[in-house]
Amino acid sequence: MKHSIRRKFSLIFIGLMAGTVLLCWLINTIFLGQYYTATKTKIIYDAYNTIRQVANSEIYSTEEFARELDNICGRFNITVCVMDSNSQTKYVSFNGGRELESQLLGYILGFYSGTVEVLEEGDDFVLQRLTSGDNEYLEMYGRLSTGISFIMRTPIESIRESAKIANRFFAYVGVLGTVAGGIIIWFVARRITRPILELNRISEQMVHLNFDAKYTGKAKNEIDLLGENINKLSASLERSISELKTANNELQKDIEHKEAIDEMRKEFLANVSHELKTPIALIQGYAEGLNEGINDDPESRSFYCEVIMDEAAKMNQMVQKLLTLNQLEFGNDVVTMERFDVTALIQNYLQSAGILTRQNEINVCMAEYEPIYVWADEYKTEEVFMNYFSNAVNHCSGEKKIAITLEQREGKVRVGVFNSGDPIPDESMPHLWEKFYKVDKARTREYGGSGVGLSIVKAIMESMNQSYGVENFKDGVLFWFELETVNEGGC
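In terms of my numbering, the sequence shown opens at residue -4 and continues consecutively.
Hints in this document: simulated from the structure, not taken from any laboratory. The reader is advised that the hints may include incorrect statements.
[Claimed, not checked] Calculated lysine-lysine pairs in the DSS-like style (CA-CA distance at most 27 Å, straight line):
| no. | residue 1 | residue 2 |
| --- | --- | --- |
| 1 | 396 | 407 |
| 2 | 37 | 3 |
| 3 | 35 | 85 |
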């Protein structure tokens, strides 16, 4: 990652640490010597005040005075020499005080060695910087009102050396601290940015509509709160997208249903117009012939009238079937499931259709079957069988035979209607259940078929959620449908 927060965070921290170390080093280099000098000056002033107080007290001539000065000299690295009013040595420090005796006498008598720079001069003291050879000192001498003379000295060179050593050590420690701190902050930043990278990964998956990834941090800090909110956002987005997809799916179904309805309406109007055109033309032609009196004999008028009535009956039958089919396809016709004996229903219909089969010299055969009770709509089941049977009568040829079979299988009964004759062409098999489809249009016109009977069968069987079909044989065609049988125990 080119602009990683971890890298930026680490570089900023290292820069701040290095800058702080450098600033401290510069301050030490510039001001540490002055600070040490000021501190030493204060110490000398404190020692001067102590000598003044002791000189005016009763402990001046006691060992306690010497112990007090030894404590000051040892603690602050000051060399001290004190003389009484007779210029007799009263006290010399253990760290070179004897060397200051001659220096103090020189100041008392008005001569001294070395280069001096007076820093401050009081009523009874002089504070100065003394250079003697290669050495440099901070020095104070004077004579008190009691006649006591004193001199105090502390080396400045040691202060400078201490400052240099301290600065050098601080520089080493600063560099090492910066490196160590940089390494530590790199790992700390890595730990801090790890949940941010996890949140980035989760958000990237959310971009691709994958909402399975969840943030699992448990530190309860600001990043974890953000992670919890992202989890809530992910769940909310998933729920919203699911609702949108559901709504979109329903809308798509509605659009497809509307398009299907529009297509069915167009197809319906086109087919009805085509099917009604021929009978209307016949009725109109024969009616005009009657009106113009082309044939005035009774037989001709009777023939004209029979043709008109026959075509009108066909039109009425087709319209009725179309209305029935329309109600079935649009779900406006209620299916009433009831228990009845399908064997008895078929036998009754065959008995009523006996005249039709005898007129067409067709032999109808059906074996003896026990009562078979089924769950179905009795009226619609009879209509399915009627369409199959009338279709078999109209296409029966050859042996002129129609066979009715009832076969029970796994809670179902399959009702078959077989008619002898020519098999249906293979290319016509997928289109048999379409409205107004006719395999042999001339033959269909001859017996007055409308081409919607099998479409009605399809709509009825699908409304009852049952199977139906057709099979070709060498000597004929078998149409079949299935119904759910009633359990032996009853309902």
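Outcome of the hint check:
no., hint, verdict
1, 396 x 407, "26 Å, holds"
2, 37 x 3, "47 Å, violated"
3, 35 x 85, "24 Å, holds"
Violated hints amount to a single one, hint 2; each of the other numbered hints is respected by the structure.
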